[in-house]
Every structure is written in C-alpha cells, then in structure tokens.
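Participant: Starting from the known structure of chain A, arrange chain B on it as the hints suggest.
Protein sequences appear in the order of chains A and B. Under my numbering, the first sequence has 202 at position 202, and the numbering climbs by one with no breaks. Under my numbering, the second sequence has 166 at position 166, and the numbering climbs by one with no breaks.
If you're looking for bench data, these hints aren't it; they were derived computationally from the structure. In this text the structure is predicted, and so the values were computed from the model without any measurement. Accuracy of the hints is not assured; some may be wrong.
Derived DSSO-like pairs: lysine-lysine, alpha-carbon spacing no greater than 27 Å straight-line [what the hints assert, rightly or not]: (1) A:LYS280 <-> A:LYS347; (2) A:LYS347 <-> A:LYS7; (3) A:LYS7 <-> B:LYS163; (4) A:LYS347 <-> B:LYS32; (5) A:LYS84 <-> B:LYS50; (6) A:LYS163 <-> B:LYS43; (7) B:LYS43 <-> B:LYS130.
Computed spacing ranges between beta-carbons, pair by pair [claimed, not checked]: (8) A:GLN285 <-> B:GLU72: 41 to 51 Å; (9) B:THR164 <-> A:LYS84: 55 to 65 Å; (10) B:LYS7 <-> A:THR321: 21 to 31 Å; (11) B:LYS7 <-> A:ASP40: 34 to 44 Å; (12) A:GLU72 <-> B:ASP29: 41 to 51 Å; (13) B:LYS347 <-> A:GLY226: 49 to 59 Å; (14) B:PRO237 <-> A:ASN221: 55 to 65 Å; (15) B:GLY320 <-> A:SER173: 34 to 44 Å; (16) A:GLU72 <-> B:SER290: 50 to 60 Å; (17) B:GLU325 <-> A:THR86: 27 to 37 Å; (18) B:ASP49 <-> A:GLU271: 39 to 49 Å; (19) B:VAL108 <-> A:LYS84: 28 to 38 Å; (20) B:GLU271 <-> A:HIS24: 16 to 26 Å.
Ideal Cβ positions, reconstructed from N, Cα and C, are used throughout, including at glycine.
There are 2 protein chains.
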Amino acid sequence: MSHPSEKALVPFVSVDNMMKLIHHIGLEDMLKGLATYIEDDFKRWNSFDKTPRVASHSEVGVIELMPTSDGEAYGFKYVNGHPKNTSEGLQTVTAFGLLADVYTGYPVLLTEMTLLTALRTSATSAMVAKHLAPQGADTMAMIGNGAQSEFQTLAMKAICGLKTVRLYDNDPSATRKCAQNLSGLGINIVSCSTPEDAIQGAQILTTCTADKQCATILTDNMVGAGVHINAIGGDCPGKTELAAGILSRSDVFVEFPPQTRIEGEIQQMAEDFPVTEFWKVVTGQAQGRSDARQITLFDSVGFAIEDFSALRYIRDHINGTGYYEDLDMLADPDDPRDLFGMLTRAKT
Amino acid sequence: MSHPSEKALVPFVSVDNMMKLIHHIGLEDMLKGLATYIEDDFKRWNSFDKTPRVASHSEVGVIELMPTSDGEAYGFKYVNGHPKNTSEGLQTVTAFGLLADVYTGYPVLLTEMTLLTALRTSATSAMVAKHLAPQGADTMAMIGNGAQSEFQTLAMKAICGLKTVRLYDNDPSATRKCAQNLSGLGINIVSCSTPEDAIQGAQILTTCTADKQCATILTDNMVGAGVHINAIGGDCPGKTELAAGILSRSDVFVEFPPQTRIEGEIQQMAEDFPVTEFWKVVTGQAQGRSDARQITLFDSVGFAIEDFSALRYIRDHINGTGYYEDLDMLADPDDPRDLFGMLTRAKT
Numbered sequence: 001m002s003h004p005s006e007k008a009l010v011p012f013v014s015v016d017n018m019m020k021l022i023h024h025i026g027l028e029d030m031l032k033g034l035a036t037y038i039e040d041d042f043k044r045w046n047s048f049d050k051t052p053r054v055a056s057h058s059e060v061g062v063i064e065l066m067p068t069s070d071g072e073a074y075g076f077k078y079v080n081g082h083p084k085n086t087s088e089g090l091q092t093v094t095a096f097g098l099l100a101d102v103y104t105g106y107p108v109l110l111t112e113m114t115l116l117t118a119l120r121t122s123a124t125s126a127m128v129a130k131h132l133a134p135q136g137a138d139t140m141a142m143i144g145n146g147a148q149s150e151f152q153t154l155a156m157k158a159i160c161g162l163k164t165v166r167l168y169d170n171d172p173s174a175t176r177k178c179a180q181n182l183s184g185l186g187i188n189i190v191s192c193s194t195p196e197d198a199i200q201g202a203q204i205l206t207t208c209t210a211d212k213q214c215a216t217i218l219t220d221n222m223v224g225a226g227v228h229i230n231a232i233g234g235d236c237p238g239k240t241e242l243a244a245g246i247l248s249r250s251d252v253f254v255e256f257p258p259q260t261r262i263e264g265e266i267q268q269m270a271e272d273f274p275v276t277e278f279w280k281v282v283t284g285q286a287q288g289r290s291d292a293r294q295i296t297l298f299d300s301v302g303f304a305i306e307d308f309s310a311l312r313y314i315r316d317h318i319n320g321t322g323y324y325e326d327l328d329m330l331a332d333p334d335d336p337r338d339l340f341g342m343l344t345r346a347k348t
Numbered sequence: 001m002s003h004p005s006e007k008a009l010v011p012f013v014s015v016d017n018m019m020k021l022i023h024h025i026g027l028e029d030m031l032k033g034l035a036t037y038i039e040d041d042f043k044r045w046n047s048f049d050k051t052p053r054v055a056s057h058s059e060v061g062v063i064e065l066m067p068t069s070d071g072e073a074y075g076f077k078y079v080n081g082h083p084k085n086t087s088e089g090l091q092t093v094t095a096f097g098l099l100a101d102v103y104t105g106y107p108v109l110l111t112e113m114t115l116l117t118a119l120r121t122s123a124t125s126a127m128v129a130k131h132l133a134p135q136g137a138d139t140m141a142m143i144g145n146g147a148q149s150e151f152q153t154l155a156m157k158a159i160c161g162l163k164t165v166r167l168y169d170n171d172p173s174a175t176r177k178c179a180q181n182l183s184g185l186g187i188n189i190v191s192c193s194t195p196e197d198a199i200q201g202a203q204i205l206t207t208c209t210a211d212k213q214c215a216t217i218l219t220d221n222m223v224g225a226g227v228h229i230n231a232i233g234g235d236c237p238g239k240t241e242l243a244a245g246i247l248s249r250s251d252v253f254v255e256f257p258p259q260t261r262i263e264g265e266i267q268q269m270a271e272d273f274p275v276t277e278f279w280k281v282v283t284g285q286a287q288g289r290s291d292a293r294q295i296t297l298f299d300s301v302g303f304a305i306e307d308f309s310a311l312r313y314i315r316d317h318i319n320g321t322g323y324y325e326d327l328d329m330l331a332d333p334d335d336p337r338d339l340f341g342m343l344t345r346a347k348t
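Just chain A, with the same shape it has in the complex:
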C-alpha cells in the first residue's frame, strides 16, 4: 500500500523524546521560553475560548479534559488525578495533550504532558513571581519537596534570579532527594527541619504538598509582611494549604476566578472574596505589587491556557530536532468519499 500523506501524520513527542528535547534546549532555557509563551498568552487572555474543565469523577480519582482555543489553534490536555496511585507504584498525575488546526480540524501535535505540565507549572509560578515578588527577592522557602519542587526552584532561578532555596518536607527523604537533585546546579541549598526554619529570610514562600485534604502548611503567624506566596498545592475541592487568616491579609491573584473559587485556596473564603485576575497585571489593567510590605499571593490551580502555551512551544521547537515520531493517526483516502476503497486496497 502507499504511504499515508503528510497531512495524515501527526507528530508525537514521547516521554523519552520530551526528555531529549529538554536536554537539547537546556532545562532553564526551556523554562524561560515557556514563561515567555505563557506570558504572551496571558497578554491576549480575552482572545481565548475559556471552558471549565470537563471532569469525570470516581471514588478514587478524576479524569479531566481541559480544552481551549484562540481561534487559530485548538488544544486540550487529558489529565488524571489519583492520590492513591503512589502507594501502588503509579503516578498520581499523568497527562498528554493535543494541538489542532482550527481551520482544518486536523491534529498537528500529540505529546506527553506529565513532564511538560511540571515545566509549565513552574514556568507560570516564576513568571507570576517576576511580576509580584518584592524587589531583590532572592531566597525561596520550598515547602513540599515532591515532584514539582526542583522545577519550581530552577524556574525561579532562571526567571527571577533566585539564589537560595530553603527546603522543607514532613518526609526528610523527600528533602534529601530534592537537595541531591539540585546540587551542582548553581543554587544555594539549605535543608530545614521545620517549616518555621524554612521561611527564615525568604521573600518567596512556595507551598507544594500533595495530600488531598484541607491542611495548614502555613499558619497565620508564620507569614510576615513583604513576601510573595506561591501556593501550588491547593488545587482541587477539599485540598488547601494555607490558613484562612493569611488569605485575609494578602492581595490574592488568580488565573481564572470561576475555577479558582472551586479548586484553589480561596475555596475557604466567601464567594465574593476579592481577587485580581493575573492577566490584568500583565496587561497593565490591574496593579500587581504596590508596596514593599504587602503580601502577594498567587493562588495557582493550573489553567488550560498554560497548557495551550506549552503545546505551542513544543510545536514551534520540535522541527528539525528529530525528537518526535510521525503517527499515522488520520485516515487520508485519495478521494475523501472513498474510505471503503482505501480499506479494500489495503488488503492487497
């Protein structure tokens, strides 16, 4: 049979190729590039079709589809969340994504997104911190030293000039793992045995813990004036990390309020609790940090547009690298009305 035409082939980036692509570009350069793509898309926030994620819940987890479109490209991410998976040797979260051409409806990229989501999440955090953290911030407390912690640290280094990270996790082996992974990468690492120790001298406080419960990782009296809180781990209903008192004293910035009010730290607050949509800070329509003593808080839950930016970045950077394979995913008969003929001819 004849080879499928180019139109019928969809470039696919496997986990192995994604790792090769990251090393080819360089992790910090890729985080910077992703942050630029994400910031560019935040600048044109209103050009996106914003749908809430489509979730299918079960007793043990959730499977979600997160679609969005800017009118030229259409993207979606498949992502699951199964906290019990870790105890069975599986990932809590796995993800893949697809980008398509709105004009033809044809997919143009399929890619793993477990790694890519880790990168886009930390690139988003750092891009936001660049706008909101106090001037000269160079020390971060990293509370929760799981899968996201090294990426958060390196993104803050690459994008915000972070010099020192102070690690804390209630599991010391997680802190050891994180410290070891970060050693030799040009960042001062201080391993701490209490969260109170970790926040000493830090202008950026990042919380990224994994338990699905309303926890209090930061209590009210731990957070002083003049810090930026980057709250990653409160990202689904019933899962928060901050004491409500901290939220009351902070100026809270969010991605997409209808989603954050359900999934973020502010699920603890009244429905009309005031928040600023972060895209308005990027475009100059809203104020970011207004004085040095203010507490700014990015209540991050992850939004489809950030995945879209990441898919765009990959599409634009795989050409010529060889770090993808072509999948024969779309039927492409010579005569579009003759699908049956294509099938018949394949027999010979």
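Facilitator: Chain B in isolation, oriented as in the chain A frame:
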C-alpha cells in the same frame, strides 16, 4: 536509559493497523461484533455517565470531545467536522479515541477512529434496524453514496440479512464508486437515477447525504407504509434530510434525546415531539415495531456510548494480533516523587 515500564506504555492502533485488523477479523464479522458490543452497552444505558459533547465552533467547522464512562472504563473521542475540507483534498471528518482505566486514570488504548467511526455508525444502524425493520426486510434504498454507504450496506447484510441495495446519489460518480466497491461481496446492486426509483420495493430507507443544509432528500409522498427509515445524515444543527411530514407519520427512535433534539431530524419539530429512547426497546421497556404498516424512523446522530463500545471492542481484540504499537506516552519514574531525577538520568 532504562526502557519505560509496561504501565507507561499505551497501545496505539494506527490507520494502517486498523485496516489490517479489519481484514484480519473480516469486515462483516467485525461489524457483527461491534453491533453486539453496542447492543450490550445500550442494555446497560443507565450505568453510563452521559455528558453532552464539548464543542469548539469556528466559522469553518467544529472540533468536539465526546467523553463517557461506565465507572470502570473512561473513553473519549476527538472528532472534527469541516465540510469545506473536501474541496481542499482533506477529510470532512477525522477522529481518534482513547480508553482509560477509571481506577488508575491511566490510558489503556489510543486509536484512530476515522475508520472505526464509519464501522460503529453502520453497526449501530444495522443493530437498530434488526429491532425495528419490518419482518423479512431484505431490500434497502441507499440514498447518498458517500464514505458511509458501503459500510451501511455491508452492516445491513451481515446483521439484518439484506440481499439487495438500491443506490442513488445526485452525483452519479458516487453511485459508480459505491457499486464498484460493493461488487462481488454477495449483495445485489441496483444503481438508480432518481430517489423515487431507489425506494421502489425497499423496506429499509437509508439517507446519508453530506451537505450541511436543511435538505429534503425524502419528500412526504415518497414514503409509504411499512418501512424503516434509517436517517444518518441529519446530524448537526441546520442539517436535516427528511420532510417534516414524514416525521409526523413515523414512530421516531433516538439515541439521547437532549442531543438529538439539537442535532437530529427532530430539530424541525416542537420541543416536546414524542420520541422513544432506543435503549428502552433493547431492554424491553418500550415497544419497537408494533405492526407491519407502521413507519419506524431511527434519527441517528451518533452518541459517545457507541464510540465507547467500539473502543472496548478494539481493546479486547488487539491482543496477540500485533496490529498495534506501544507508545511511550506516560512518564513513569521509579519513585513517583522523583520526576526530576528521571529527567536528569535520561541525560546520561
């Protein structure tokens, strides 16, 4: 680096492998098998999570995600609809689908669905006709001889005992293509030059034309008593094929009323126009055909559960065939918390 574990690999059925699988099983046997899977899922209709499709519309087309779950497996189909594509040498519709394990959230199958959708659509039509067509029906008028026509004909042959098909299309070259594709496959073929000629002696009238407009492929006076109408082509807002008068005289059976009232032939009728949900006929909760002179009408638009059945069928039938490849789509670090370590080790 080490090879990804089996859990991280997702079986992928390309277009080429789907064609090989169809020939390996045999097209008619596969249509029969698909009809059985679809009928089984109609029998347990209430065990499904039924979400309306998630559509992203543009001026030239639509991209849709169609998810569903039975609590054990989760499936979705990506499908586009771009009528203008044909004039640019592209498919109007392309599709792919994914099946995942609800318990882990891990994908277990990725497959092309352009061909598979053609098969599941015709298997559904024939399964429904088996329940609704007049006894002894052995002649079908096939109006619209495009990509679906040969599959419809062979499904009716395999599942309902069809002996003769009477072809009509307003483009004679489409009829020639269909007649040629069906020749030698054990069915009598009569090519007709008018729709009035095509319906002579036919107990099953199938309409499957492609123009996106309210057309009248069957006028009221063409349809006599004692027939089953299998209306495939009226499947989106603004696209119908039957005169409203035919609907008024028919008993209308549908897949999922909230979707069919928007997309099907009954979009022409009042919101409370009476219809029967077909799954109730399969389970014996509603009457199918009650007398020989009745006109039954299946107002088919295609529903997510039929795709789910087709995905289940493929998952159950690829093992041992070799007609798939394993995609390294899910990151699988030895320690789930150590995504960064997996990335670092891949460098060496």
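Participant: Now, for every hint given, state plainly whether the structure supports it.
Facilitator: Against the structure, the hints:
1. A:LYS280 <-> A:LYS347: 58 Å, violated
2. A:LYS347 <-> A:LYS7: Answer holds: LYS347 of chain A to LYS7 of chain A is near 22 Å, not above 27 Å.
3. A:LYS7 <-> B:LYS163: Measuring from Cα to Cα gives roughly 38 Å; hence the hint is violated.
4. A:LYS347 <-> B:LYS32: Answer holds: LYS347 of chain A to LYS32 of chain B is near 20 Å, not above 27 Å.
5. A:LYS84 <-> B:LYS50: 26 Å, holds
6. A:LYS163 <-> B:LYS43: 62 Å, violated
7. B:LYS43 <-> B:LYS130: 15 Å, holds
8. A:GLN285 <-> B:GLU72: 41 to 51 Å: 47 Å, holds
9. B:THR164 <-> A:LYS84: 55 to 65 Å: 57 Å, holds
10. B:LYS7 <-> A:THR321: 21 to 31 Å: 27 Å, holds
11. B:LYS7 <-> A:ASP40: 34 to 44 Å: 36 Å Cβ-Cβ, so the 34 to 44 Å window holds.
12. A:GLU72 <-> B:ASP29: 41 to 51 Å: 44 Å, holds
13. B:LYS347 <-> A:GLY226: 49 to 59 Å: 38 Å, violated
14. B:PRO237 <-> A:ASN221: 55 to 65 Å: 58 Å, holds
15. B:GLY320 <-> A:SER173: 34 to 44 Å: 42 Å, holds
16. A:GLU72 <-> B:SER290: 50 to 60 Å: 53 Å, holds
17. B:GLU325 <-> A:THR86: 27 to 37 Å: Because 29 Å falls inside the window, the suggested range holds.
18. B:ASP49 <-> A:GLU271: 39 to 49 Å: 27 Å, violated
19. B:VAL108 <-> A:LYS84: 28 to 38 Å: Violated - the Cβ-Cβ distance for VAL108 of chain B and LYS84 of chain A, about 18 Å, lies outside 28 to 38 Å.
20. B:GLU271 <-> A:HIS24: 16 to 26 Å: Violated: the Cβ-Cβ distance is about 57 Å, outside 16 to 26 Å.
Checked against the numbered hints listed earlier, the structure breaks hints 1, 3, 6, 13, 18, 19, 20; every other hint is satisfied.
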